[in-house]
Amino acid sequence: MAETIKLSEVEHVKDGSNYLRGTIDDSLQNRVTGALNPDDTHLIKFHGSYQQTDRDLESERKRQKLEPLYSFMIRVRVPGGVASADQWQRMDALSDAYANGTLKLTTRQTFQLHGVLKRDLQQTIAGFNQVLMDSIAGCGDVNRNVMCSSNPRESELHRQVYEASVAISNHLTPRTTAYWDLWLNGESTYSSAINEGEQEDFEPIYGKTYLPRKFKIALAVPPTNDADVFANDIGLVAIEQDGQLLGFNVAIGGGMGMTFGMPETYPRLADVIGFVPAANVVDVCEKVLTIQRDWGNRENRKFSRLKYTIDRVGLDTFVAELHQRLGYELAPAKPYRFETSGDAFGWSGGPDGKAHVTLFIEGGRVYDKPGYLLKTALREIAGFHTGEFRLTGNQNLTIANVNPKHRQQLQAILETHGVWNRTEKQTALRLNSLACVALNTCSLAFAEAERYLPQLLDRLDAVIRANDLTDDGILIRMTGCPNGCVRPYLAEIGLVGKAIGRYNLYLGANHAGERLNKLYREMLDEDGILRELTPLLEAYAAEREPAERFGDFVVRRGIVAATTHGQNFHA
Amino acid sequence: MSLLSQNQALPLGLDDTTLQRLTTGLSDQQLIWLSGYFYGRTSAGRSEVQQAVQGATQAQPAAPAAAAKLTILYGSQTGNSKKVAQQTAEKAKQRGVQVTVQDVNDYATRALKTEQQLLLVVSTQGEGEPPVAAEELHQFLLSNRAPQLPDLRYSVLALGDKSYVQFCQTGREFDERLAELGAQRLLERVECDVDYQEAAQTWADRVLEVIAAEANTGHAGGSGSQATAAETLTAPAPAQYSHHNPFEATVLEKIQLNGRGSSKETYHIELSLADSGLHYEPGDALSVVPRNGEALVAEVLQTARLDGTAPIQLSGVEFELGTALTQKLELSVLTRDVLERYAATAPQHKQLAEIVTDIPQLQRYVYGRDVADLLREFPAELSAEQLAAVLRPLPARAYSIASSLLVHPDEVHLTVGAVRYAAHGRTKHGVCSSHLADRLDIDHTARVFVERNEYFKLPQDAATDIIMVGAGTGVAPFRAFVEERVELGAEGRNWLFFGNPNFTTDFLYQTEWLQHLKRGTLRHLDVAFSRDQAEKIYVQHRLLEKSRDVYGWLENGAHFYVCGDKARLGSAIQEALKQVVQREAGCSAEDAADYLRALKKQRRYLEDVY
Chain L
1 MAETIKLSEV EHVKDGSNYL RGTIDDSLQN RVTGALNPDD THLIKFHGSY QQTDRDLESE
61 RKRQKLEPLY SFMIRVRVPG GVASADQWQR MDALSDAYAN GTLKLTTRQT FQLHGVLKRD
121 LQQTIAGFNQ VLMDSIAGCG DVNRNVMCSS NPRESELHRQ VYEASVAISN HLTPRTTAYW
181 DLWLNGESTY SSAINEGEQE DFEPIYGKTY LPRKFKIALA VPPTNDADVF ANDIGLVAIE
241 QDGQLLGFNV AIGGGMGMTF GMPETYPRLA DVIGFVPAAN VVDVCEKVLT IQRDWGNREN
301 RKFSRLKYTI DRVGLDTFVA ELHQRLGYEL APAKPYRFET SGDAFGWSGG PDGKAHVTLF
361 IEGGRVYDKP GYLLKTALRE IAGFHTGEFR LTGNQNLTIA NVNPKHRQQL QAILETHGVW
421 NRTEKQTALR LNSLACVALN TCSLAFAEAE RYLPQLLDRL DAVIRANDLT DDGILIRMTG
481 CPNGCVRPYL AEIGLVGKAI GRYNLYLGAN HAGERLNKLY REMLDEDGIL RELTPLLEAY
541 AAEREPAERF GDFVVRRGIV AATTHGQNFH A
Chain A
1 MSLLSQNQAL PLGLDDTTLQ RLTTGLSDQQ LIWLSGYFYG RTSAGRSEVQ QAVQGATQAQ
61 PAAPAAAAKL TILYGSQTGN SKKVAQQTAE KAKQRGVQVT VQDVNDYATR ALKTEQQLLL
121 VVSTQGEGEP PVAAEELHQF LLSNRAPQLP DLRYSVLALG DKSYVQFCQT GREFDERLAE
181 LGAQRLLERV ECDVDYQEAA QTWADRVLEV IAAEANTGHA GGSGSQATAA ETLTAPAPAQ
241 YSHHNPFEAT VLEKIQLNGR GSSKETYHIE LSLADSGLHY EPGDALSVVP RNGEALVAEV
301 LQTARLDGTA PIQLSGVEFE LGTALTQKLE LSVLTRDVLE RYAATAPQHK QLAEIVTDIP
361 QLQRYVYGRD VADLLREFPA ELSAEQLAAV LRPLPARAYS IASSLLVHPD EVHLTVGAVR
421 YAAHGRTKHG VCSSHLADRL DIDHTARVFV ERNEYFKLPQ DAATDIIMVG AGTGVAPFRA
481 FVEERVELGA EGRNWLFFGN PNFTTDFLYQ TEWLQHLKRG TLRHLDVAFS RDQAEKIYVQ
541 HRLLEKSRDV YGWLENGAHF YVCGDKARLG SAIQEALKQV VQREAGCSAE DAADYLRALK
601 KQRRYLEDVY
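As they're listed, the protein sequences go chains L and A.
The opening position of the first sequence corresponds to residue 1 in full-length UniProt numbering, with each subsequent residue numbered one higher.
The opening position of the second sequence corresponds to residue 1 in full-length UniProt numbering, with each subsequent residue numbered one higher.
No lab work stands behind these hints: they were computed from the structure.
Just some of the chain A residues that point at chain L, by a computed CB distance under 7 Å: (1) GLY259; (2) THR511; (3) LEU525; (4) VAL527.
Cβ coordinates follow ideal geometry from the N, Cα and C atoms, glycine included.
All chains, please: the whole structure from these sequences, using the hints.
In structure tokens:
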């Protein structure tokens, strides 16, 4: 290209960072501030961490002549959301030792620790490493945690899809040794990333400026779209035959984030572009990613995601480039059907005789409070459980492959710690709720989410019960800003924070994550939300068709128009 | 002849003729004596008389020394001893005594043998140590190198604080040692509590009476009036505001500096000095006249079974007991003198009598106890008058000033750590810190006066580097130092070492320091937060980590300041600094100790510890 490109600031930081080192080491040595040097705040994301402040204390500390209370969120990658009991116990212990005593299970099947002080970063990250976990590429302009359906019932098929997700994750993990140098004294006891035998850093896939923006991949096994594959840069829909994995339908260009007041930014669902056999899925992911590496916008980060690249060049052009780079063409997509993007709760049995139990974790937050000792219960269970802990894409937790002789003990622990009731005695609305962290630590938040949604649900539950909708799963998702961490534009009731106590209300997504919603009302306070939703829920209860979902109902009734593509989301 | 030089203006009502008439037939010596006599008779308009007399003596060649010369030495930490010494010299001069007043820090110890009359005004620091200025003389005198001093006549004025067990220890040691060495007292030692002014003036008058009487009886030969003060005799302008006449300063701002969850409770308090005319310099202290808390007063009244409205007298002024207990008498700490008086008033308590006579026991007893504890544990039927007589006056508390007047005109800022602890069944509060922390809100007034700290001052030369070591509220004067240096555009570099328990909550004035660091007005900032890691790390550890640069700065002439808790900081920093010197200069421990001694002697190692 002839014209000069004015790269964004972050591009310069990456370029000069010597493969993500920057001056992080100096930043960590600096004792007079809890913050990093400004440039390093961009780089630390690639190591899985965000520098944050306690916004509740912002003005108070300013008056006290104290700097903001800086702390770090650290996101631990868990490909496919599958963690061992050892790993669970370690995360539990690290959250008490260095974080705020809680664990956040995220909508991308990762663990988040919040409130880690700068001086404890190294010990915390070293603690992950000891149980074979890492936080590299937890955030940053790289491929993030690869999601995978956590439904364990179709045991063999799920195992194969999970293995594909791990293979993709490993292939796309950055190769820089900066992570080991900075956090592990250069010693890697476990590495999915390091270049064996290499003397110098290089990034065979990413190059030294990595991607223009974050990149997300998810795999789902129909009929459950619990990984919300269409919200991802690459969504992979598993196609099976006789219980064996054949390959994947490939969808590209999904993404949730937008910016208020910028209609040229929009959420977009991925387009299905064909089918790839399982053996080639890693290759397809790499080529899609490298096209985005080369074609993505590096001037304005608001337009850097793959979805804008595709809409800029056209889907056909993009697919043609992909076929060229692959050296082969994708086969036509195969039929599939998703029914829900929610989780199924309670006990279930696999074909191999093992049992699984999925627990509702409100807001994904694992903590203890009087009468609800979730964190303690899970710690005790991790002490004897021989299966896995599976983090779902809906902030919930499946304790999978429970040894039959442990089942009774496990159930007893859930009951005595007040955990079982939280799953068993909820409205389906609450069981299908998601909330991002928002205040007090997320710097992007305009409004509350995780701390507030439970109270709003108390009032909505009353409406639900009054209208006999207790067992009707309606996806309700709240975020503190429009960036979309809990995929609010795929919610049947989406609440996106615009100011303290004020939310935009979006309606009309379908229940399986295949249609975006649409703005219905702006700047509602709590009473406004109730005032708007109550008549709609009443009408839904009275006038729906058999098995009709709330999102479909409001579209059928013309309460909102259907969003058929990201580019008409704002229409 | 004219006694006055040509250009010396005569006071109103005097002309040459009158002067001639008054002085005809008098010898020079008689004239000089008379000038002192008249000067001494005058109490009003002193400064004009002083000028006149100085003019007179300047015009006159020195008379042969007839009376013994008087040397006044002062060993001062905060400047109080210096003030008294200068006032005494002034009085001596008025009496026509040939007097030299000198800082003991600058005094050549070998000169002691030649002294005839010596007045020593010396304070006591902490747990019975001499002020830095007097360390060398103290060490010399108490050693076996000290000469016999049979010809010396002397008197000691000891300044101290009765809340310390080793009250006036240094003055006592000087006094007793001089006697041992054969010197004879002009007057018995006088010991002054924090409220020293009156007792000090009385001592000065009486000791000068003795000197005058001896001169007249020819005890020591010679007389003379030439003031040969080693430094200017101009007494500092008498402080307009004092303990007895404090300025009512309005509270402009009050901020709890510690973040949530801190183990500390520190307040930044801004007071208005508008219309007071009060002036201070960085390094000075502000004394606050506190009041006791209602709860403690009630506790004392209840335990003593006395009525708060009972009339009592303090120094001849009538008060209600409750008012006196609130405003005039110390309740929150027990001191030796109070215990002694109480034991005498309540002789039935044998155990108390025993405690009073045994210092270690006494120290253990007073620790954490207040007047209410004493009254409860050793009950006695005291009248309101008796109780008031037992107690000691409520002293003012001095806080190192945390602001520069240049930056905050008409304001003074304090950094106050609230003292609270549980002991002997009740929560105890530091009288003044809780007065400021709990009972003074914005727009209330605090009763204050400025106390000069003579030595804890910025270097005269603005190009000199400074290293500041402050722990906890000890960082206060350094805020003033850096503010002042920035405002003056001082080119010397500033380096701060700061320590406190926890980084996130206890980094006092953090955002200000970070600003200074960013602007370069603070060259280095090294911090130690003792409880942020398994092992305790303190400022002295940071000093050692930075030993090369610290030593480099010192070699480059830097001044080194320490402020904070004496027990925790004082000796630890000195030890660390000795190690720094030993390591960087590659010298012996003794040489390092000498290096530090020399720094102190040059007034480049300065402490404000409490």
